[in-house]
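Taken in sequence, the protein lines are chains L and C.
Numbering (our numbering) for the first sequence: 604 to 936.
Numbering (our numbering) for the second sequence: 604 to 936.
No lab work stands behind these hints: they were computed from the structure.
All values reported here derive from a predicted model rather than from experimental measurement.
Be aware that a few hints might be false.
All copies of an identical chain are treated as equivalent in the list; a pair is satisfied when it fits inside any one copy or across any two copies.
Unchecked claim - The calculated DSSO-like cross-link candidates involving lysine-lysine, where the alpha carbons are at most 30 Å apart (straight line), are:
1. LYS926 x LYS689
2. LYS605 x LYS711
3. LYS742 x LYS901
4. LYS776 x LYS901
5. LYS742 x LYS689
6. LYS901 x LYS689
Protein chains: 2
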Amino acid sequence: MKVLTDDGNIDIEAVWFEDGMVHMVDQRLLPHNLEVLEMDDHLQVADAIREMAVRGAPAIGATAAYGMALASLNGANLDEAAMDLKSTRPTAFDLFHAVDWMIEALLKGEDAVRSSRSYASMIVEKCRAIGRYGAPLIKNGSKVMTHCNAGALATVDVGTALAPMREAHDQGKEFFVFVSETRPRMQGMMLTAWELSNEGIDCAIISDGASGHFIRESVDLIIVGADRIAANGDFANKIGTFEKAVLADRFSVPFYVAAPVSTYDPSLSQGDDIIIEQRDGEEVTHIMGNRIAPIGIKALNPSFDVTPAELVDGFITELGVLKPDELHRLGGV
Amino acid sequence: MKVLTDDGNIDIEAVWFEDGMVHMVDQRLLPHNLEVLEMDDHLQVADAIREMAVRGAPAIGATAAYGMALASLNGANLDEAAMDLKSTRPTAFDLFHAVDWMIEALLKGEDAVRSSRSYASMIVEKCRAIGRYGAPLIKNGSKVMTHCNAGALATVDVGTALAPMREAHDQGKEFFVFVSETRPRMQGMMLTAWELSNEGIDCAIISDGASGHFIRESVDLIIVGADRIAANGDFANKIGTFEKAVLADRFSVPFYVAAPVSTYDPSLSQGDDIIIEQRDGEEVTHIMGNRIAPIGIKALNPSFDVTPAELVDGFITELGVLKPDELHRLGGV
Numbered sequence: 604m605k606v607l608t609d610d611g612n613i614d615i616e617a618v619w620f621e622d623g624m625v626h627m628v629d630q631r632l633l634p635h636n637l638e639v640l641e642m643d644d645h646l647q648v649a650d651a652i653r654e655m656a657v658r659g660a661p662a663i664g665a666t667a668a669y670g671m672a673l674a675s676l677n678g679a680n681l682d683e684a685a686m687d688l689k690s691t692r693p694t695a696f697d698l699f700h701a702v703d704w705m706i707e708a709l710l711k712g713e714d715a716v717r718s719s720r721s722y723a724s725m726i727v728e729k730c731r732a733i734g735r736y737g738a739p740l741i742k743n744g745s746k747v748m749t750h751c752n753a754g755a756l757a758t759v760d761v762g763t764a765l766a767p768m769r770e771a772h773d774q775g776k777e778f779f780v781f782v783s784e785t786r787p788r789m790q791g792m793m794l795t796a797w798e799l800s801n802e803g804i805d806c807a808i809i810s811d812g813a814s815g816h817f818i819r820e821s822v823d824l825i826i827v828g829a830d831r832i833a834a835n836g837d838f839a840n841k842i843g844t845f846e847k848a849v850l851a852d853r854f855s856v857p858f859y860v861a862a863p864v865s866t867y868d869p870s871l872s873q874g875d876d877i878i879i880e881q882r883d884g885e886e887v888t889h890i891m892g893n894r895i896a897p898i899g900i901k902a903l904n905p906s907f908d909v910t911p912a913e914l915v916d917g918f919i920t921e922l923g924v925l926k927p928d929e930l931h932r933l934g935g936v
Numbered sequence: 604m605k606v607l608t609d610d611g612n613i614d615i616e617a618v619w620f621e622d623g624m625v626h627m628v629d630q631r632l633l634p635h636n637l638e639v640l641e642m643d644d645h646l647q648v649a650d651a652i653r654e655m656a657v658r659g660a661p662a663i664g665a666t667a668a669y670g671m672a673l674a675s676l677n678g679a680n681l682d683e684a685a686m687d688l689k690s691t692r693p694t695a696f697d698l699f700h701a702v703d704w705m706i707e708a709l710l711k712g713e714d715a716v717r718s719s720r721s722y723a724s725m726i727v728e729k730c731r732a733i734g735r736y737g738a739p740l741i742k743n744g745s746k747v748m749t750h751c752n753a754g755a756l757a758t759v760d761v762g763t764a765l766a767p768m769r770e771a772h773d774q775g776k777e778f779f780v781f782v783s784e785t786r787p788r789m790q791g792m793m794l795t796a797w798e799l800s801n802e803g804i805d806c807a808i809i810s811d812g813a814s815g816h817f818i819r820e821s822v823d824l825i826i827v828g829a830d831r832i833a834a835n836g837d838f839a840n841k842i843g844t845f846e847k848a849v850l851a852d853r854f855s856v857p858f859y860v861a862a863p864v865s866t867y868d869p870s871l872s873q874g875d876d877i878i879i880e881q882r883d884g885e886e887v888t889h890i891m892g893n894r895i896a897p898i899g900i901k902a903l904n905p906s907f908d909v910t911p912a913e914l915v916d917g918f919i920t921e922l923g924v925l926k927p928d929e930l931h932r933l934g935g936v
């Protein structure tokens with residue numbers, strides 16, 4: 604991803620391995636400060652995952668893979684290191700998958716650093732493929748809407764929902780992106796707007812509640828990411844996604860989900876089977892550590908919502924753009 | 604409205620006249636501090652309106668009426684005082700109406716303070732009638748949703764959208780209210796949640812983007828206010844209202860608009876004729892004075908959206924609950 608710094612433009616990934624150390628953009632400081640953390644011990648990496656210096660399931664997976672490489676280089680007990688890393692974020696599927704993948708590679712005697720880099724590269728290559736398949740959906744002059752951050756920061760590089768935008772921009776297309784701010788944690792305002800503007804893609808932030816107004820008035824296309832896709836095509840994504848899909852349906856605005864095949868979970872037959880994480884109400888009642896709400900008032904804070912397959916025009920995957928009823932061809936990971 | 608203070612419960616209005624002075628809850632300090640401003644000069648009142656110590660069109664109107672009473676008591680030039688007050692907020696219809704109403708009363712030789720109190724009482728009486736007509740819509744166990752603040756703070760007392768909730772609560776009904784926070788200015792989180800909890804009405808704050816999820820899952824009834832209603836029943840209200848109406852329609856959740864007849868403007872044939880105020884993007888990019896968005900990124904900030912009449916189940920007015928196609932009977936103010 605391109606990043607604008609005081610010393611000019613640089614091109615970096617959200618996390619990478621260099622000079623024997625894991626390097627990681629500290630996402631907690633974005634968009635105001637770009638600070639790269641450097642770690643030479645897998646326990647530091649585990650702390651960074653736990654404390655959310657890195658976020659986004661694919662990026663967390665890659666970070667854990669790099670952490671396993673450090674453990675191997677340092678001669679640590681690999682089973683213990685695996686436990687240290689897996690215990691950081693108990694619900695992230697990619698995290699477990701990445702650690703197990705590294706254990707297998709190391710048991711086969713493969714090079715630790717090269718293996719971890721391969722793992723991260725696989726993710727990025729899938730994102731590039733998503734970008735190539737999705738870019739034709741964006742025309743010159745298109746007005747696109749996205750939600751939350753399904754960008755390079757969440758996937759090491761390129762992103763999922765942002766991949767078609769990056770590719771279309773690289774192809775010279777000019778278009779505009781509505782970025783819904785994505786309360787409560789504001790990943791749209793803080794991360795997606797930062798990524799898009801660094802790329803030179805024209806965009807504006809809107810309040811989440813303004814989405815419906817703009818979908819009716821001017822949006823041509825919506826692209827969001829997904830946290831999990833059920834067998835029938837129902838999918839979970841950041842809270843606020845579902846209502847955009849309903850609005851898009853009413854005004855015949857195409858609605859696309861960009862996600863790698865690994866997001867597809869055929870063990871869940873439908874959206875109702877997806878468990879929605881309920882997070883602390885303080886994410887709603889407080890902003891940047893300041894209480895906004897009256898004392899003593901509770902907040903309900905579901906972190907995700909489920910959008911039914913019937914509202915999805917297509918899933919943009921690394922294997923092509925699939926209709927909901929074509930998903931079963933993927934079989935699963 | 605009930606207010607909980609360190610010294611126990613008190614019952615006050617948002618603005619009132621007492622001991623020769625205008626008293627006004629400083630809404631800029633809510634919900635964290637309850638401070639009552641006291642003013643003995645109409646220019647102080649004008650400043651308070653301009654600087655938004657008071658907000659909500661009906662409450663602004665009543666405040667201006669009280670300001671005219673002060674001008675009269677102090678022997679000020681009434682035409683100049685009228686200009687001082689009218690120049691504070693150029694778009695609030697109630698403000699002009701209230702000042703002209705007071706001028707007329709004073710020209711007839713009526714008592715200044717009594718006239719201004721009559722003006723404020725008229726507003727509150729309309730709100731009470733809205734409450735009586737709307738309360739039957741709320742059942743024991745109902746889950747109600749509202750947006751922004753159409754409460755006592757906006758209307759001197761009782762409120763419009765909150766009036767049926769206050770009345771139903773006084774009737775002993777138990778129900779629950781989802782309060783959408785209402786970015787960018789968060790009047791839902793800061794004012795509506797404060798009013799409801801002071802009354803002892805069970806409620807929880809949600810992110811605006813969670814509205815669709817809860818409308819599908821559990822909301823029985825939505826009641827919002829209105830800033831202006833066109834002849835055909837299309838209406839403008841705080842941004843975020845329209846998308847709730849679309850979601851409610853999809854899931855057959857009744858959607859009601861609570862507003863006095865004075866909100867009805869038959870000079871506008873339809874919603875497209877309503878001009879939407881575009882406010883400064885900094886309301887989106889900054890929160891409590893802190894920049895959240897990356898530097899250099901713009902925000903689009905329409906303050907209102909327009910909801911078509913076809914999505915409204917009824918208008919709760921002081922004359923009863925009307926269907927959109929019955930509005931023309933009102934004729935206009």
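Now for the hints, and whether the structure bears them out:
1. LYS926 x LYS689: Answer is neither; intra-copy 34 Å and inter-copy 58 Å both fail.
2. LYS605 x LYS711: neither (36 Å within a copy, 71 Å between copies)
3. LYS742 x LYS901: Result: close only across copies, 22 Å inter versus 44 Å intra.
4. LYS776 x LYS901: Classified as between; 21 Å across copies, 46 Å inside a copy.
5. LYS742 x LYS689: Neither. Shortest intra-copy (42 Å) and inter-copy (49 Å) distances fail the 30 Å Cα cut-off.
6. LYS901 x LYS689: neither (32 Å within a copy, 39 Å between copies)
In summary, the structure is inconsistent with hints 1, 2, 5, 6 from the numbered list given earlier, while agreeing with the others.
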